[in-house]
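Q: Residues per chain are reported as follows:
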Amino acid sequence: MELYKKYFGIHFRSAMQYKVSFLLTTIGQFLVSFNIFLGIYFLFARFSSVKGYTYQEVMLCFAVNIMAYSLAEMFARGFDTFPSMINNGEFDRILVRPKGILLQILCSKIEFTRIGRMIQAIVMFTYGVKTSGVPWSVDKIITVCFMLIGGTALYSALFLLYAAVSFFTIEGIEVMNIVTDGAREYGKYPFDTYGKAVLKIVTYVVPFALFQYYPFLYLLGRNTNKVLIILPLASAFFYLPCYLFFQIGLKHYKSTGS
Amino acid sequence: MIEVEHISKIFRVSRRNSGFKEAAKALFHREYEELKALDDISFTIADGEMVGYIGPNGAGKSSTIKILSGILYPDSGTCFVNGRIPWKERKAHVKDIGVVFGQRSQLWWDVPVIDSFELIKDIYDIPLTTYRNNLEELIALLNLSQIIKTPTRQLSLGQRMRCEIAASLLHEPKILFLDEPTIGLDAISKLAVRDFIRKRNETHKTTVILTTHDMQDIEALSKRIILIGKGRLLMDGTLDDLKSVKAEDSIDEVIASMYRKYDIA
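Just so you know, the protein sequences line up as chains A and B, in that order. Numbers given in the numbering used here equal positions in the first sequence, counted from 1, plus 357. Numbers given in the numbering used here equal positions in the second sequence, counted from 1, plus 307.
Rather than coming from a laboratory, the hints here were simulated on the basis of the structure. Given the structure is predicted, the values throughout are model-derived calculations rather than measurements. Incorrect hints may appear among the rest.
Facing chain B, from chain A, some residues (calculated, C-beta under 10 Å) [as the list claims (entries may be wrong)]:
#	residue
1	Ala372
2	Val453
3	Thr488
4	Ser489
5	Ser494
6	Ala591
Below are the DSS-like pairs computed for lysine-lysine, each with C-alpha atoms no more than 30 Å apart in a straight line [stated by the list, open to error]:
#	chain 1	residue 1	chain 2	residue 2
7	A	Lys583	A	Lys456
8	A	Lys376	B	Lys402
9	A	Lys466	B	Lys402
Derived list of chain A stretches under chain B, where covered just means 3 residues or more per stretch with a C-beta under 8 Å from a C-beta of chain B [said to hold, decoys possible]:
#	region
10	388-401
11	427-435
12	454-460
Think of the CB as a built atom: it goes at the ideal place given N, C-alpha and C, for glycine as much as any other residue.
With the hints as extra help, turn the sequences into a complete structure.
A: Okay, structure coming up:
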């Protein structure tokens, strides 16, 4: 943790070396997600509800999802840029340093510009919290926190999977973007909006629904099962297979060196 | 102490002819060619030795360095560095070694060099007093006092290389691997780097393994030379052994004639 702080300092100072670039990228990030927000806004300007969810409720759901995504992108960005680390040999440097490999990859990049997306998410979140009509009690606040933790963990795990794939192929990793970017886009509406088949996939295959859909029902009071409060944490278990896959990839790398 | 015993490494290189049709075919069926990067290599290097590891491009020099530093596994054979198998005890092993890749930087690009040093101190858990002493010594010997407050990206290649070498010695490794440390440097920087490496070897008894194509590096630095080509060990001897092949020529020509003799050019 101490080491992470040090890396954090280095990245922060590096980012501040290019202030204009930092500012523009941050604003860009803000505008991109603002666009998505506009999309939802205009949709609801015509239809008052989608699958029984009101505009404000969707805002809340979207905000939590996008917050988790930008947190993961900010702190687990190193996994996302991992293919280039393999290409330019930086990964060899990581292997000759006496600290954990995953920790070093995590530390290799911290993307401060994602603050832009984060701010956008916080604005929507505040709006959603105030207007969605959810009676905020301690258990619901805890649920939201768990949703954020579970979501960040799941997206980070996906980035890790992405990194693991790049041990084997450099060209094929675009496929992975379908899962990560796709989930970010589709995650703006509660997952049952897309029908039963999709809901099954995001429950059992890549467990997005565990942090987004089911606890969200609890927030809205449509399902009062207390298990739903801690369910988001279960989505963090997805990290396990991703980690194993990364280890297999690492072994492959060490035997081929490319 | 480095003991390398019968190490072999085979890479599979995918091959295809040019053209769209061939590219499409390669999607489904790839043809591999097996390339022996290392073929039954054995040698022993004692503590405090300085060894020039030479051979033409693609001879297997980098692969050997990668195996010795724990980045790669060999397919067969084994090696011990200070009694450890590098790829099995990675963390303990890498604390004992320093690696300089001449073509790549280990410093953080946008921050002053001293910030990189501070971070390396934490990565290697170097005690504060040790760090201060080492830093002071390295700054004095490599003449870094003017440049450590400059961001890495603004350094000249010669300045950067001096900082790279300092960075890999902060934790006082017993063994230093230098992969083409003088590549692209001007005359003054080259001399400074060579001079420093020699002194380091003398005063700290640091074992140095140096790969290079610059024969003056070899002449200036290492008494012992290991020559490899096409993955095989061709010669393990002294500079004089090498020179005795053809006494009257320059060392570059001697090496070139060795390459021709073994048909590895």
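Q: Confirm or reject each hint.
A: Cross-check of the supplied hints:
1. Ala372: holds (8 Å)
2. Val453: Because about 5 Å separates Val453/A from the closest Cβ in chain B, which is inside the 10 Å limit, the hint holds.
3. Thr488: At 43 Å from the nearest chain B Cβ, Thr488/A fails the 10 Å test, so the hint is violated.
4. Ser489: violated (43 Å)
5. Ser494: violated (43 Å)
6. Ala591: Where the cut-off is 10 Å and the nearest Cβ of chain B is about 32 Å from Ala591/A, the hint is violated.
7. Lys583/A <-> Lys456/A: violated (40 Å)
8. Lys376/A <-> Lys402/B: violated (37 Å)
9. Lys466/A <-> Lys402/B: holds (23 Å)
10. 388-401: With 0 residues closer than 8 Å to chain B, the region 388-401 of chain A misses the three-residue bar; violated.
11. 427-435: violated (count 0)
12. 454-460: holds (count 3)
Checked against the numbered hints given earlier, the structure breaks hints 3, 4, 5, 6, 7, 8, 10, 11 and satisfies all the rest.
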